[in-house]
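Just so you know, the protein sequences line up as chains A and B, in that order. Residues 1 to 204 in our numbering are what the first sequence lists, from first letter to last. Residues 1001 to 1478 in our numbering are what the second sequence lists, from first letter to last.
Don't read these hints as lab results, they were simulated from the structure. Owing to the predicted nature of the structure, the values given are computational and were not obtained by experimental measurement. Worth double-checking, as some hints may not be accurate.
Said to hold, decoys possible - No farther apart than 25 Å at their CA atoms in a straight line, the calculated lysine to any residue pairs in the SDA-like style are these: (1) B/Lys1212 - B/Ala1189; (2) B/Lys1212 - B/Leu1296; (3) A/Lys178 - B/Val1311; (4) B/Lys1273 - A/Tyr106; (5) B/Lys1212 - B/Pro1262; (6) B/Lys1273 - A/Ala153; (7) A/Lys178 - B/Thr1019; (8) B/Lys1232 - A/Arg47; (9) B/Lys1232 - A/Gln109; (10) B/Lys1212 - B/Ser1150; (11) B/Lys1232 - B/Pro1202; (12) B/Lys1273 - A/Pro63; (13) B/Lys1273 - A/Arg47; (14) B/Lys1232 - B/Pro1281; (15) B/Lys1232 - B/Thr1173; (16) B/Lys1273 - B/Val1311; (17) B/Lys1232 - A/Gly85; (18) B/Lys1232 - B/Ala1245; (19) B/Lys1273 - A/Gln109; (20) B/Lys1232 - A/Ala153; (21) B/Lys1212 - A/His149; (22) B/Lys1232 - B/Val1152; (23) B/Lys1273 - B/Cys1299; (24) B/Lys1273 - B/Ser1292; (25) B/Lys1273 - B/Pro1262; (26) A/Lys178 - B/Val1152; (27) B/Lys1273 - B/Gly1217; (28) B/Lys1212 - A/Pro63; (29) B/Lys1212 - B/Pro1202; (30) B/Lys1273 - B/Leu1296; (31) B/Lys1273 - A/Ala110; (32) A/Lys178 - B/Glu1023; (33) B/Lys1273 - A/Gly62; (34) B/Lys1232 - B/Val1159.
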Amino acid sequence: MDSYTPRNRSVFARVGSITLGMTADALELALEGATRGDEAALASLYRALNPPLLRYLRHHAGPVAEDVAADVWLALAPQLAGFGGSFAHLRALMFTIARRRVVDHYRFQARRPSGVPFDESFDCAEAEETETLVLDELTAQGAVEALVHCLPADQAEIVLLRVLGELEIDEIASIVGKRAGAVRVAQHRALRRLQRTFQKSVTR
Amino acid sequence: MTFGDDFPGEMEEFPFDDTTADEVFGTSHGADPAPEEFWDIAELVQAARRTGSAGELVGEDVIVARIVAAMGEHAARPQGGAHERIVALNRFRTAKVTAAATAVLLLGGTAAAAASGSLPTPVNHRHAALAVVQTVAAPRHHAMHAPGASGVVASVNGVATPGTCGASTLAGTFTLTHDADVFTVNVDATTTTFSEMGVTAPTFANVCVGSKVRAEGAVVGTTVTATMVKIKPLHVRTGAMGTVASVNGVSAPGSCGGAGLPGTFTITDHDGKTFTVNVDPTTTFADQGVASPTFLNVCVGEFVAAKGTFVDPIVTATQVFIAPKHDEKKHDEKKHGDQGRHMGAFGTVASVNGVSDAGTCGITTGAIGSFAITGHDGTTFTVDVTGTTMFEVPGVTDPTFANVCVGEKVGAKGALTDTTVAATDVFVLGSDGGHHGHHGHGDDGDHHGGSGQPAPQFSSGHRGGNRHGGNGGKGNDN
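Isolated chain A, as found in the complex (with noise of 0.2 Å):
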């Protein structure tokens, strides 16, 4: 079997990024200074976390994003003082968290009647510039829906948690409300479905 090697020929490689490098260990400790309530630390989780969270929330919320991603953070908070679990458990538990409130969002949307204005439309960002934000940060994002877009919605729910959320079967599982077994045979479509998707380009 060939090793996965990185190879800088992908259309989302751009620079810019901020490299933070932060390893298992350093994100445990940073979560163990996080639940006392040291600021650093907190940041340190923040910039970690943050990131595929957005990523998440802008495919399912897109304009408001951000917004809703303060709220999951504001919704973490009270449960990250004396947190007793690991980085991955505080993850699992934020995409807990933005599932619900994507859950939440899609309600609203359904529920909203069309046509009606937002009276503080001040605050909603406007679908234009969360295109040009995606244009500007297709390094991640545009990866995220290049991975996405061809998915059936609860494919891509699920590869979406498994990439950025980084949770495994049973986790997703038990977010989704499915069983194991149905989580891995939509795993697996969807892989097959990705497959096919981009042979070409390996073919190439």
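Go by the hints and put chain B onto chain A.
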């Protein structure tokens, strides 16, 4: 998967196992390298997991401070501090999200459980809902009515000239307009805090005529004495992204740009809006896996992002990014060679034997003929049927070509040549088949209209629905 195998035993059909999935999707910790055929996917996964960019960390200091404060308040007042805590937290929450949360809370406690991530199981939802309603609902509702005003700055210190801004060290006044309302906002260099995303230390000088701002503070009549002024960054749109609809005026699937430049193509974004992208010899192209991509690599049906100068709806592109293709046909040709291809088309029957009148159906005997179907993207396919073509219709014992009628949703399986299907099987899903038209492989039961959208349900219970893009149903999940 093939048309009929999305039931027991389907796992055996996958050409890879859990280990492969873990190698591709799994975390970087301890994962084995992905097999070569998954390199591109793994590459995208790694790209998606890139460390944060500056744009993704904007406001870090503020929100981290708020989280710390919230943690402290939570620890100090685990029972009684909720109201104050939420009031503080709501400083981050825009009115839109707050409205969403409040609406959800008003509409039912179930959704309210989502406000807490600590109780993920359905068993605990009831408790979560109770707790959240008690601690979150009222403050969120109050936050919707936080005093202040938002709108576009009409004048600064009495001057309405576009571009006029305040002075950083002085008190002053500006007016806001929002629909027909006009508010006067008083600011003070010492008591008013200014906030603008991406600006380190904004001041009144950042408030200019034409700016979009929100002023928070005591409101008396139409006058706001601002303690906080949030300035919305001015974004300059630089491009568009979407699916290529035509290239140099040609919209036939697979049509690509030419070697000569300048040229033009159109893209349709996720909202259905069409943009024109102009390219010239200075435009650079990026296409995954292509060493020196050119306009030739821009083809109808591909997903691209064009960046450059944007004057709605035209992008004069300096850069064009071409996303990996979703090219099932070519892949299938490669995968299966010249034999055994399971391809076909899905869509709505537009005409039968050349007749497009509503209700026109095929003939029962001597069932050689053809019908046209229109896919979800507007592509028209011709489906040729013969005496050996098998028909399947829910509830019909011996279906024939006569069961194929104009207006019905059908799936046709067979060799696909350009846009013509030599049908071996035709599945009639009815006029409300509940799936989106789709062309390409006939081997998936899980296609759909795109991610992030509610999956349409195929309600007939007929297996053909799930097998042919009905998406929804148990066929996807189990």
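Outcome of the hint check:
no. : hint                  : verdict
1   : B/Lys1212 - B/Ala1189 : holds (20 Å)
2   : B/Lys1212 - B/Leu1296 : violated (42 Å)
3   : A/Lys178 - B/Val1311  : violated (46 Å)
4   : B/Lys1273 - A/Tyr106  : holds (22 Å)
5   : B/Lys1212 - B/Pro1262 : violated (38 Å)
6   : B/Lys1273 - A/Ala153  : holds (22 Å)
7   : A/Lys178 - B/Thr1019  : holds (21 Å)
8   : B/Lys1232 - A/Arg47   : holds (23 Å)
9   : B/Lys1232 - A/Gln109  : holds (24 Å)
10  : B/Lys1212 - B/Ser1150 : holds (8 Å)
11  : B/Lys1232 - B/Pro1202 : holds (11 Å)
12  : B/Lys1273 - A/Pro63   : holds (17 Å)
13  : B/Lys1273 - A/Arg47   : violated (35 Å)
14  : B/Lys1232 - B/Pro1281 : violated (36 Å)
15  : B/Lys1232 - B/Thr1173 : holds (18 Å)
16  : B/Lys1273 - B/Val1311 : holds (14 Å)
17  : B/Lys1232 - A/Gly85   : violated (38 Å)
18  : B/Lys1232 - B/Ala1245 : violated (34 Å)
19  : B/Lys1273 - A/Gln109  : holds (20 Å)
20  : B/Lys1232 - A/Ala153  : violated (33 Å)
21  : B/Lys1212 - A/His149  : violated (33 Å)
22  : B/Lys1232 - B/Val1152 : holds (10 Å)
23  : B/Lys1273 - B/Cys1299 : holds (18 Å)
24  : B/Lys1273 - B/Ser1292 : violated (30 Å)
25  : B/Lys1273 - B/Pro1262 : holds (23 Å)
26  : A/Lys178 - B/Val1152  : violated (47 Å)
27  : B/Lys1273 - B/Gly1217 : violated (39 Å)
28  : B/Lys1212 - A/Pro63   : holds (16 Å)
29  : B/Lys1212 - B/Pro1202 : holds (14 Å)
30  : B/Lys1273 - B/Leu1296 : holds (24 Å)
31  : B/Lys1273 - A/Ala110  : holds (22 Å)
32  : A/Lys178 - B/Glu1023  : holds (23 Å)
33  : B/Lys1273 - A/Gly62   : holds (16 Å)
34  : B/Lys1232 - B/Val1159 : holds (20 Å)
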